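Chemist: Listed below are the residues making up each chain.
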Amino acid sequence: MNVDFSLLVPEFLLAGVGFLVLLVDMLIPASQERRRNVVTGVAAMAGLAVAGIVAGATQADTDEVMYEGLLFIDRYALVFKLLFIGVGIAVIGMSLDYVARKLHHPGEYYAMIVFAVLGATLMAEAGELLTAFISIELLSFSLYVLVGLARGDKRSAEASTKYILLGAISTAIMLYGISLLFGALGTTVFTDMAPLLGAGATWDLTMTLGFVLFIAGLGFKLAMVPFHMWSPDVYEGAPTPVTALIAVLSKAATVALILRFLAEAASSATDEWRFPLAVLAALTMTIGSLVAVVQTNIKRLLAYSSIAQVGFILVGVSAMTVIGANAVLLHIVGYAFTTLAAFAVVIAVENHTGKEEISDYAGLARRSPWLAMVMTGALFSLAGLPIFAGFITKFYLFVAAADNGAGAPDMLWLVVIAVANSVISLYYYIRVIREMYVSESDDTASMPVAPVLMGVITLMFAGTVGVGVYPGPLNDAINASVTVLTPWVMFAP
Amino acid sequence: MDYFDRHVLETLIYLPMLAALVLVFVPRERKQTVRVLGIATGVGMFALSAYAFAAFDYSEGARFQLVRVYPWLELLGIEFALGVDGIGAPMVLLTGVVSLAAVIIAANVERDNKDYYILLFVLIAGVFGTFVSVDLFFFFLFYELAIVPMYLLIAVWGSSTRFTDFNRPKEYGALKLVMMIVAGSLLIWVAIIAIYVEAGEGSFDILRLQEAAANGKFSDTFQSVMFLMVMVGFGLLAGMWPFHTWSPDGHVAAPTSVSMLHAGVLMKLGAFGIIRMGMMILPEGMQQWALLLFILGTINVIYGAVSALAQHDLKYVIGYSSVSHMGYVLMGIASMEVLGVTGAAMQMFSHGIMTALFFILAGAIYERAHTRDTLVLNGLATRMKWGTAFFVVAGLTSLGLPGLSGFISELLVFFGAFRTYPILGVFGVIGAALTAIYMLRLIGRTFYGDRDKQWDDITDLGPRELTAATILLIPIFFVGLYPQPMLRVIRPGVDAILAGLGS
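As they're listed, the protein sequences go chains A and B.
Start counting the first sequence at 1; every next residue gets the next number (my numbering).
Start counting the second sequence at 1001; every next residue gets the next number (my numbering).
Here chain B stands alone, though its shape is the one from the complex (with noise of 0.2 Å):
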């Protein structure tokens, strides 16, 4: 096991790319090879990404574990350098568990399915590489890599939204996500090249720099303008307004499995990166701007919310329902206090979980139903006895019910919000109340009520929509339940941050 302890990190990297390179030679027309090929990627990436968690020493969560280092650039010291701490073995395991999850509900994709898969690992694999990388060269070369399938993903294999009032083509959604994100990733490439020089360690090594800032090497100007550029760069990808536009559309338009990653996964991505580049390396620039990003992550979960409360598109309602939800991450890191940057961990772990079974139950509907319009949807739960039943679980835990892994996460979050902030905190529970307001009556209307006659041969979830939920469902359950074993693995890592910071 020791020489698996070693390479688990990177072999998480190379498996879906194998898994892709493998795809490249596989006959298009051979389309359940492809699904059984790409199941299997999927199971055994869980497995290693179980494997990671689990050995992860909790009893030595302070420090970077698992931890592989390979030259690949001298002259410029980039290293090929693979690690975990606290807060990124959660992270690992979610990836784990919403690939698997996402992988099999990919298996409904009937057209080119050989290169939809191809992009997915892609972008599976950058992921991966982003959350475990310890060197800020791949941290951001994974970044930009979980994005370049992205386009084609949405645009090839998305849906367009047609209303009579609002209509949105795929490539709209498609297009407006990958130019911003990629306007936001220019904000940290400089950043990146510019704390990389003015550290003059010649290491891109996340630890280095660390170090390099505890020793007074970036003066509070530096860091607070290179604070600012890491918060908007990686804070529009965690959909903090308001550079949250593209998240909505972007969501809407991606295909059921896309979906899930990106708002599961991909989101996370930004709010990890505040925690990697800004809390650790800049921690003056985060003393002076965490009131900032507390009151952005404020308005997040308000607006939000009440963006949801007005759409009638299920998937829409979703999406910003994910933008409400990523203000609570923002509250929580800004509250540099440990229960909220804790909580702010958990609920990473808890919101991906949960946005990636919303999107396998809205994707399901909208394959039966044709139509996402909550107005026309009605009295499904006779039909959909199984999709109701998650739907409903899925919204309790959104609206943070106890007993589901969002209460926890939430509740941490508040503490340490009220804490730090104890005015504005209130806010963030105002956000909540309208959670639950439209997510009942989401609930409500799409699944009681009567049934108008054109649902009458609405099928309920096939296999592998099922096996894919529980999968998503049992997380949920565990960590709402007996949250102990998630929160003795961040703790350490939040408080080995937090000491960094000096509060």
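Pulled out of the complex, with its shape left as it was, chain A reads as follows (with noise of 0.2 Å):
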């Protein structure tokens, strides 16, 4: 077998650059605690810059599989791939500070984080059952040391036990599902599942009991309904920029591998999940909205926003069309920016303050205009509002559900679904506003925010901007990598 290990230079780049990382920490005396700090956050940054500079410049126009279908270094991964180091990039920066105030452990902290880029990374080029299996448990390993990481905090603690063993019995669900695919198909590979789910497959309950499972284990890491239990609690307790990752990474890489899955693999059975997956994002969607309006912790209501931002991609995910996996990546990456600002927003606030309630926010706009200005774009974007990424990337992923490309406008019911959650996700996110515009408090002393968390902050907002504003480009981009993705069989426009 001819491997061209040239492909996978960016992943040998990350690993790579996760182990330095370790060494790095190591070899700084623990008495140089900022030093040590500034120093391996700054080395992850650098490493994950180079890692995606290398993928973005050698692989533009690949398109291969690796290993008889194992992996896919395609442009579908490519983009990906930049979206996850862009955000581990995001992540870290708005890090620095926080970790160096609460968590103590700086090496191990930011190497994990690489380490779960490269775990979603893999997600997204993986193109077999198993190879998708293990780096979804790269991914959740290092989200599960991350989310303990703040010793001493029993919150922290009680989340890490609980996303561990939800995640345990997720997994041992997914690997169920897999070996059932396995007997009754006789193959892992996606490429050579496609024919035997195809037409005139039977679906006997060996084969329907491991694909629902399979995409169950995924679901769990999704957060979609009705596997979502774990998310707000493992959401309130992870340190904050943990949080932020789970709530971009882990949901992007999952998307990412169901999408290729059910393309792939799936797509000639698309009538056979095609509704059931229409109603589990209905469902998510509007679970997520109806109990994100009695939250009062600003982490819980990211939480539950996000069940609800999962519960519109599948809306995307579930039209199986083109135009439906170019809305699907688009609401991904204005998601990521929009997601993004707003958790750094909650830091800057949680570094002065130490607190993370709503009530918290009162009088945010007097204190720090523009932490108020950012949140109040963030909030609105996600509810779906111009000049935001989320008003067009939701109208896109509504198109798509109603396009089919037959003429007439199928699916309608969920389409009504989602603008009806859009509006009263705009309910919950009113009362963010009101407290930070409208309530006044005792505390007026202004926030001084660190220059690196106020560069991310600024600059994820701007791309909120920047998506919601002019996604032309972004979506040529797009489009080009998810015609990779071939076998789109149903209605391609």
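None of these hints come from the bench; they were simulated from the model.
Please read all numbers here as calculations on a predicted model, not as lab measurements.
Beta carbons are placed, not taken as given, at the ideal position from N, Cα and C, and that holds for glycine.
Some hints here could point you the wrong way.
From chain A, some residues computed to sit far from chain B (all C-beta separations above 10 Å) [what the hints assert, rightly or not]:
hint, residue
1, GLU108
2, ILE387
3, VAL419
Listed below are the simulated DMTMM-like cross-link pairs for lysine to aspartate or glutamate, each with C-alpha atoms no more than 25 Å apart in a straight line [to be verified]:
hint, chain 1, residue 1, chain 2, residue 2
4, B, LYS1176, A, GLU440
5, B, LYS1176, B, GLU1074
6, B, LYS1217, A, GLU11
7, A, LYS102, A, GLU440
8, B, LYS1385, B, ASP1456
9, B, LYS1031, A, ASP443
10, B, LYS1031, A, GLU440
11, A, LYS355, A, GLU440
12, A, LYS102, A, ASP360
Over the 12 Å line for every Cβ pair with chain A, so calculated as not near, a few chain B residues [unchecked claim]:
hint, residue
13, LYS1114
14, ALA1436
15, ILE1437
Given two chains presented individually in distinct reference frames, assemble the corresponding complex, making use of the accompanying hints.
Modeler: Structure follows, in structure tokens:
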């Protein structure tokens, strides 16, 4: 077997950076904590940036299959790879101050983020069930460690325990599903599965159960209803930058995998799973939105709102068209910018006040107008209002849901539910905005923000507005990447 | 000038956006700089809108003019396409005039006036954008953009209503307004997507969709369902009964310049939307639901007037009078008849100017007397000479005195209404009579009669208020005495739309 290892340079780089950061951490004496934090953090960011540049420079036109279908090094994976690396850099950037204040293990922390990025990247490339499984585990284990890293904080320990236990169960379920699928089909490679799942295939109990359990396992990682229970507790207990990482990286990676799996392996059986998935999408966004209304903690609020966002993403996935895939990817990019902007503000406020209740945001507009403005923009974007990313990406998703290319609106019920949820979500986002702008607070001292964190906040906000105002070029790149997943057997327009 | 012609409409959107962006970087303490910048932008927007109106060639009024098309998102066929027709051009002028008056009044804001102007300019950009968009996606984008800043503008800078028996915090009005309008836009959102997919053109271009409708792409049932959604969604913003309840509460809670823009311009977006999406793209649906729209419009006229009779908060009276006057617009549209629709467009312009003037004066009185209770206020005429004069003119416009802009527009609406629905049209005239009652009573109570001691040191309008009020007074007289320039722009646009309706 002739393997072109040069295709894997970015992945090797990522792994190398992870270990290098751990090494650097050991070389700097523990007494110089501040220096250790800055050096390891900057090393991790620089390493990620190098891997990203190498990937972008060498793989812009690469569409290769490695190890007989185990890994796809293609443009679809590249889009996600660059996104994940960007997310990793942004999260490290917003962590620097936070880690120095609260965590005290900078080396492990930054290395784990790099490994999480590596795991996510492999998920986007995986073309086979077990490869996918191993990548998921790499991402998950990094996150388990990160969630529990705030030693001495009981909520962090609780969140970590919960995450590991429920994660282990979901892993078991997924693995069982994979074994059933292998038993029924005799292969775990996506492209080999496609003909066996296609027309004429008998969906006996083994196959159906295997398929359902595999999706359920992924649903857990996505926090898709009914597998969402862990997410608010983990979001609340985890160190805030880790919450941001879970909200963006783990979700985006799972969507990347699910979309590739459904397109490459199961697109010939779309009729079998499309409707159930659409129902799950509707349930996910409805429950996410409704429960968010009563939250008082900003991180829990964002947790439920991100559950709702998963529902919106699944709307696009269930469409299973080129337009749908475009919409999903565009939404994920917009969602990444928006969510990171929101969490960066939460971190900035937490660094200063140590609090994370919504009522603690009272008077933020006076204390720090810029933070309040970014938060407002991010929340409006999540609610799907112009001129922010959320407006165009949601519009895109809903068009995709309705447009099956047959000339008549399809799944309009799903559009109605989705739009209704947008309105509900606006209600609870407005509560936060009301605190920031209308409520007064006793403490009116301005809030200083560390320069790097401020830079991340500004960049993420610029991205949120940029995607909303001029998504054309980004969409062109995304369109080129999703057409790589060719078996859009359904209604390509 | 050719270059200018090609770019005037987009500049109208960019200018307030740019002003908002510049203001972000102006230091908070430089309140005077903010004011100067704000008013200068207002003058610029007015000049541009006046130019756009003047450049509109009414001899070719049947087609969209000053058209500009940029590709934006090719995969979905979304284009940043701008243009105005005979209905859009007066609305652009209206927005320019009211915005200028509003930014002058906004100079009175003391608290965080920088943020206030930023939000105000976002709102204005949204309104301009909606009136000049030829692409349904951008039409909807700008429509939503105009709503986004509303919550903060009202909740932060607004005023609460406190009577002994009636208590409405400003957050209540703000939240009610935003949630109801956004809920209405939900229907529009679904309708836009459904129309886009059903047409199968891969385009959101209003003209192409209109053509698709003419070619029978939309079945009668489809049009019927969609028109109902569009009618309720936009009707909500136009203050259509029974979805009008946000409007008095919102207008009362809003600060003066926001009330001016909201009642003056934003409510017009609703009626404008019914014309653009309803009449142009869903002609069959329009035919089916016209009677209901007409009846709801009539209820608006009567219900708004009766409610205004019962109110004793100055701003609630004006708020309900807006509901009442928007009823004429809906009646005119529903008459589907050339005089009626022309009258509706005229009424949109006339009411926009008039109600903005009302809100300036109500705001001025409230700032000085710290109450808006018409049972307490009295005899202001001797202290507020100019204020009284302006209020009386606005009031007379409102009840349709010949020579002022309200007369010609209401008359046209009545002609159209009687031609199509001879019996139902009568109710509209009853509404006009009721308007006279509550308006004259309001003027009599507030401005004339004996003056209580507590109003002895009330001062007359300041220079800013005088300037803004005068700016609004000119079009009221101009259109009232010489409606021809306005009519000849509107008329061909109406003809074109009615031709599409096939009636």
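Chemist: All hints, please: hold or fail.
Modeler: Against the structure, the hints:
no.	hint	in the structure
1	GLU108	holds (40 Å)
2	ILE387	violated (6 Å)
3	VAL419	violated (5 Å)
4	B:LYS1176 with A:GLU440	holds (22 Å)
5	B:LYS1176 with B:GLU1074	violated (37 Å)
6	B:LYS1217 with A:GLU11	violated (52 Å)
7	A:LYS102 with A:GLU440	violated (29 Å)
8	B:LYS1385 with B:ASP1456	holds (13 Å)
9	B:LYS1031 with A:ASP443	holds (24 Å)
10	B:LYS1031 with A:GLU440	holds (22 Å)
11	A:LYS355 with A:GLU440	holds (17 Å)
12	A:LYS102 with A:ASP360	holds (19 Å)
13	LYS1114	violated (9 Å)
14	ALA1436	holds (40 Å)
15	ILE1437	holds (38 Å)
Comparing the model with each earlier hint shows violations of hints 2, 3, 5, 6, 7 and 13; every other hint is respected.
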